[in-house]
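Order-wise, the sequence lines are chains L and V.
Its first residue numbered 1, the first sequence is counted upward by one per residue in full-length UniProt numbering.
Its first residue numbered 1, the second sequence is counted upward by one per residue in full-length UniProt numbering.
You can take every hint at face value.
Each pair may be met inside one copy or between any two copies, as identical chains are not told apart.
Cut-off 25 Å, straight-line C-alpha distance, at most; resulting in silico cross-link-like pairs (SDA-like, lysine to any residue): (1) Lys152 <-> Asp211; (2) Lys152 <-> Phe165; (3) Lys32 <-> Pro119; (4) Lys152 <-> Ser140.
Read the hints as simulated data drawn from the structure, not as lab findings.
For clarity, every value in this text was computed on a predicted model and none was experimentally measured.
2 protein chains.
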Amino acid sequence: MRQIFEAELRQIGDDLVEMAQLVEQAVAGAGKALLEADLQTAQQVIAGDHEIDALHRALDERCVHILAQQAPVATDLRVVVSALRMSATLERMGDLARHVAEVARGRYPAHAIRATAQPTFAGMAEAAAEVAREVTVLLSTRDLELAGEIEKNDDVLDNLHAQTFATILGPEWDGTTQEAVDITLVGRYLERFGDHATSIARRIVFLVTGDVDEGPTHD
Amino acid sequence: MRQIFEAELRQIGDDLVEMAQLVEQAVAGAGKALLEADLQTAQQVIAGDHEIDALHRALDERCVHILAQQAPVATDLRVVVSALRMSATLERMGDLARHVAEVARGRYPAHAIRATAQPTFAGMAEAAAEVAREVTVLLSTRDLELAGEIEKNDDVLDNLHAQTFATILGPEWDGTTQEAVDITLVGRYLERFGDHATSIARRIVFLVTGDVDEGPTHD
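Okay, chain L solo, but in the shape it has when bound:
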């Protein structure tokens, strides 16, 4: 019984890593679509979100099945409940990547992001892709140093997000309202991405160490 249960727990872990890998691709693709006005990549990210959603539903069903069949307690129970929550978070990260890709597609063949704001968004896209990679590795290795790196990259995203507002609200801004709207929305999507990654990092820290760090509000 315990052997079956451990196999099932491992499968949950593998499913989370698989979801995280797809999210990682989606985020990298969304950044590319946005910065290069790359329609094909935008379409791939948008179409690929269904796969993340399907994995999310399958993983949730697996967790509920384990709860019903194995009635786990203590740490095992925490692992399964955390998996339910991290699965929801990864699914949401996939949505956000899709939203970024949708903005890129909506403006094609133009660039959604005006040249003056491109460096800031290049930085945000890079930091978002970086946290996505770190989340995948963290879910595989539970290496807690990575959890710290994720929080640092979330700070990078927050700072760059503040810069996007400085750009569109500064005296040198001469873009259209549509451009300001796109920058506002895409900036928000990418910044939320860091919040979600941080939430996963904290759940892993909790699973490994038992420490809850509510930390500053990340929302």
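Knowing the structure of chain L, use the given hints to seat chain V on it.
The following block gives chain V in isolation, referenced to the frame of chain L:
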């Protein structure tokens, strides 16, 4: 044992209703703060979000405790897992109300929403408050007609959200970029509110009828 368990399940239901009532107040307050540039109400909504967060954590702990102690199966298990998810959704609705209040506070004593966009936002605030009220009643009564009403009000929010873009991107728009940014963000927060309410409505429908209606993607 079964009696204790049923009392615990009832307590979960009561906790969800209590959270929903606080969210309802927060949303109504956020709308008032926004439309009337009412600083005091904005502060109340912002400060009150801690209480929603605390209820969220307590409810989650209660759910995990029940899973550990009672090892529920079948419908009982679905009720507990759904409660975990709805608690997370209500917590997020509280965050969104706080974000709206933060925008109102940030612009005080000015109005965040320019006069030309006020009617649209008055409609959004009303629809958001209405879905919040409906969520509270739905959680108490499980009256499935209300689930349908919530989805209708979500459509109202989506349509009004589209109008906000039509306003700021239309030829008559003469607002500042800051006003366009605020309208973009607050419109997004209020629209997300409807998505979350719809997600709760579908979970309740599933618990009552067993029917999963994935429906159109609401995110």
